[in-house]
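Start from the sequences and build out the full structure, keeping to the hints where you can.
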Amino acid sequence: MGLAACGSTGNQGAAGSTAGPGNAASNQPSSAPSAEPVTISFIHWRGEDAKVLDGIIKKFEAENKDIKVETQVFPSEQYQSTAQAKLLDGSTGDVFTSFPGAQFEAIAKAGLFADLSGEPFISRFTPGLIQAGQKDGKQLAIPYQLVYNIPIYNKGLFEKYNLEVPKDWDGFLRVAETLKSNGIIPIAFPGADIGPGQFMNPMVMNNAPDEDIFVKLEAGAAKLTDEWWVKTLSQFKELNDKGYFQKDALGTKGDAAIALFTQGQAAMLATGSYQLAGNAAINPELKQGLLAPITVPADQAVFEGIHTTTFMLAVNSKSKHPNEAKKFLEFLSRPEIAAEYANGTGQNVTVKDVAYTSKELQIVAEWTTKKTRFQPRFTIKNAEVQKAVLGSIQAVLGGTDPKQAAAQAQAIVDQQIGK
Amino acid sequence: MKKRVRLLPFLAPGLALYLVLFVYPTLTGFYYSLTDWDGLSPSYRFVGLDNYVSTAKDIVFKKSLVNNLKFMLTVVLVQTVMSLLLALRLAKQSKRNIAFRALFFVPTILSSVSVGFIWTFVYDPSLGLLNGMLKSVGLEAWTQNWLGNADIAILSVAAVQAWAHIGQMMILFVAGIQAIPNELIESARLDGANPFQLFVRVMWPLLAPAAAIVVSYSTIQSFKAFDLVFTMTGGGPNYSTEILSTYIYNSAFMNYTFGKASTASIYFLVLISLITVLQFRALRTDRVSD
Numbered sequence: 001m002g003l004a005a006c007g008s009t010g011n012q013g014a015a016g017s018t019a020g021p022g023n024a025a026s027n028q029p030s031s032a033p034s035a036e037p038v039t040i041s042f043i044h045w046r047g048e049d050a051k052v053l054d055g056i057i058k059k060f061e062a063e064n065k066d067i068k069v070e071t072q073v074f075p076s077e078q079y080q081s082t083a084q085a086k087l088l089d090g091s092t093g094d095v096f097t098s099f100p101g102a103q104f105e106a107i108a109k110a111g112l113f114a115d116l117s118g119e120p121f122i123s124r125f126t127p128g129l130i131q132a133g134q135k136d137g138k139q140l141a142i143p144y145q146l147v148y149n150i151p152i153y154n155k156g157l158f159e160k161y162n163l164e165v166p167k168d169w170d171g172f173l174r175v176a177e178t179l180k181s182n183g184i185i186p187i188a189f190p191g192a193d194i195g196p197g198q199f200m201n202p203m204v205m206n207n208a209p210d211e212d213i214f215v216k217l218e219a220g221a222a223k224l225t226d227e228w229w230v231k232t233l234s235q236f237k238e239l240n241d242k243g244y245f246q247k248d249a250l251g252t253k254g255d256a257a258i259a260l261f262t263q264g265q266a267a268m269l270a271t272g273s274y275q276l277a278g279n280a281a282i283n284p285e286l287k288q289g290l291l292a293p294i295t296v297p298a299d300q301a302v303f304e305g306i307h308t309t310t311f312m313l314a315v316n317s318k319s320k321h322p323n324e325a326k327k328f329l330e331f332l333s334r335p336e337i338a339a340e341y342a343n344g345t346g347q348n349v350t351v352k353d354v355a356y357t358s359k360e361l362q363i364v365a366e367w368t369t370k371k372t373r374f375q376p377r378f379t380i381k382n383a384e385v386q387k388a389v390l391g392s393i394q395a396v397l398g399g400t401d402p403k404q405a406a407a408q409a410q411a412i413v414d415q416q417i418g419k
Numbered sequence: 001m002k003k004r005v006r007l008l009p010f011l012a013p014g015l016a017l018y019l020v021l022f023v024y025p026t027l028t029g030f031y032y033s034l035t036d037w038d039g040l041s042p043s044y045r046f047v048g049l050d051n052y053v054s055t056a057k058d059i060v061f062k063k064s065l066v067n068n069l070k071f072m073l074t075v076v077l078v079q080t081v082m083s084l085l086l087a088l089r090l091a092k093q094s095k096r097n098i099a100f101r102a103l104f105f106v107p108t109i110l111s112s113v114s115v116g117f118i119w120t121f122v123y124d125p126s127l128g129l130l131n132g133m134l135k136s137v138g139l140e141a142w143t144q145n146w147l148g149n150a151d152i153a154i155l156s157v158a159a160v161q162a163w164a165h166i167g168q169m170m171i172l173f174v175a176g177i178q179a180i181p182n183e184l185i186e187s188a189r190l191d192g193a194n195p196f197q198l199f200v201r202v203m204w205p206l207l208a209p210a211a212a213i214v215v216s217y218s219t220i221q222s223f224k225a226f227d228l229v230f231t232m233t234g235g236g237p238n239y240s241t242e243i244l245s246t247y248i249y250n251s252a253f254m255n256y257t258f259g260k261a262s263t264a265s266i267y268f269l270v271l272i273s274l275i276t277v278l279q280f281r282a283l284r285t286d287r288v289s290d
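Residue numbers (UniProt numbering), protein chains in the order written: chain C, 1 to 419; chain A, 1 to 290.
For the record, the hints were derived by calculation from the structure and aren't laboratory data.
The model shown is predicted, which means the values in this text are computed figures rather than measured ones.
The reader is advised that the hints may include incorrect statements.
[Said to hold, decoys possible] No more than 27 Å apart at the CA atoms, straight line, and that leaves these computed lysine-lysine pairs for DSSO-like:
#	chain 1	residue 1	chain 2	residue 2
1	C	Lys223	A	Lys135
2	C	Lys86	A	Lys224
3	C	Lys237	A	Lys63
4	C	Lys403	A	Lys57
5	A	Lys57	C	Lys223
6	C	Lys381	C	Lys138
7	A	Lys62	C	Lys223
8	A	Lys57	C	Lys216
9	A	Lys63	C	Lys403
10	A	Lys62	C	Lys403
11	C	Lys180	A	Lys57
12	A	Lys135	C	Lys242
13	C	Lys381	A	Lys2
14	C	Lys247	A	Lys135
15	C	Lys371	C	Lys138
16	C	Lys381	A	Lys57
17	C	Lys403	C	Lys135
18	A	Lys62	C	Lys381
Structure, rendered in structure tokens:
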């Protein structure tokens, strides 16, 4: 019954409210200077960035004596439940963050994003990288981080066995076979948590080059039982059956997979660029690169990889201090501040003209010129559909026939979309 | 009657808490179960019983229910049997027994999130303690992908749930055993009862009230389990450990279908009430005196 208790909190916004949710901020702007410093609340889920962000906030406060920033960090799961409920009354999260996809859609529907379109600092971001924060022609949030959700590979091991980055599926299988025959696990796959959600992206990108494929799935115009997904599942099965993932991949969590990779037992790690800095911290000797499995013949490959823009910064439409909140976003968007964040946290950013100093961030920077597409998983707006898609991968790795796994997942999708 | 009225002010604080913390959220939950509220939006529609119909038809809800029943049966069985055996062994007052009881009670006071994380490492198929131990004693064939195998994952988590609360149940049985008059046991022994007969004919009927509490408590606790499943498997692989509480959480906070989540909560409440009533009827303590 705890759920109902949460519901009563939500009622503040729900009970018979006729005013547009976006009106609260505009009704109560606080641009007038006051004697007392204004405190704005900043909530996010990246505890690992807290130290760097604290340093940045100190600089911001030194420059803006009349504004204090109070930060609250929630673990990402908790952020989905607790934090976003706090946004409803405007007392928390003057500046907040959002994931792209289902969460962004829900918050947008609730009208909790203040419209940032036309703010001068928007021009400091690479336009193509902040689209995930747009809806109905408005810039509602600004993705701050740039991530490539493709496997990391051990360049040293590839050099040792004279392997080149494969350009097609047969080449990928040959590379995996060579590694396996030399006693190296080709791919460390964290199947118990993030693996399916990360690795599905490059696996599907060329099997279904239509960037709206999952939008069509949710509209009922495409099905998981179609060739593009069954083929993707079959290729997952092929990798698993041939022993190219570590044994019992479905029981392996992220930390264990990272350990296999950083210790040199595995040649690829099916996560994403966000892990480069973490790997380097564990094993500074590692020479790392990024590669995406190309699941089609080379001449049919449309995309080279996957990118995601996330950690979307936004201003709460119910904030009592929208101007101060926007000032803080303006500060974060300055290239020198974004560089401080990027180099301090090991994450690339969407801000233009940022100087990356670390080797790992430079690896990612190389990818900005390649043909990548936005993470397909995040184009699924319904979380239950997303879960069904990922579940079908787990089912195949657990031994279910790809067609059957696809059909089971499609049944859940049909139910969700009311077909 | 007058006396009862005079007692009312003393009951008021408790009653108020009960109304605020249980009755009001339950009624609010029921109210939202009749809407399509997403949990965030300022507006919603009344959809009548639509959520009740769609939830009842939901494939994932049905899977969650089946998983929850498997989970509950495993936990209740393991917990009741193990805690009873431990209680029989440790009921006598001695320093050693008290120390062992404390040892078995320790998992109960740990947070279930911590327990979940610890056991995730224990269960890890390649680096975990459990498979490592099996290998070290020559039982490599028994090693499993404990949380990654959809056929056994729910049982693996249920075993942890049972382990974590065995101490609690053991204490209830210990109290029950200690309440049995010594004379009864001595008389039975003098009449030539062997240990099995002593247990079945003398102790078990007198332990029925404790057993009723253990089984009911274990049922409710296992039905409401959330933290362990959430931290250990997140409901996977492929929904094989999805239970009602994770279904409700996902519906409300991941899929933004708060109305539907409220409906599932109401189903959950009805189901757990029904099971508890049936259990109490089955284990009616007045049968002891029949």
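Hints versus structure:
no.: 1; hint: Lys223(C) <-> Lys135(A); result: violated, 44 Å
no.: 2; hint: Lys86(C) <-> Lys224(A); result: holds, 25 Å
no.: 3; hint: Lys237(C) <-> Lys63(A); result: holds, 24 Å
no.: 4; hint: Lys403(C) <-> Lys57(A); result: holds, 23 Å
no.: 5; hint: Lys57(A) <-> Lys223(C); result: holds, 21 Å
no.: 6; hint: Lys381(C) <-> Lys138(C); result: holds, 18 Å
no.: 7; hint: Lys62(A) <-> Lys223(C); result: holds, 23 Å
no.: 8; hint: Lys57(A) <-> Lys216(C); result: holds, 24 Å
no.: 9; hint: Lys63(A) <-> Lys403(C); result: holds, 20 Å
no.: 10; hint: Lys62(A) <-> Lys403(C); result: holds, 22 Å
no.: 11; hint: Lys180(C) <-> Lys57(A); result: violated, 46 Å
no.: 12; hint: Lys135(A) <-> Lys242(C); result: holds, 24 Å
no.: 13; hint: Lys381(C) <-> Lys2(A); result: violated, 61 Å
no.: 14; hint: Lys247(C) <-> Lys135(A); result: holds, 15 Å
no.: 15; hint: Lys371(C) <-> Lys138(C); result: holds, 26 Å
no.: 16; hint: Lys381(C) <-> Lys57(A); result: holds, 22 Å
no.: 17; hint: Lys403(C) <-> Lys135(C); result: violated, 35 Å
no.: 18; hint: Lys62(A) <-> Lys381(C); result: holds, 23 Å
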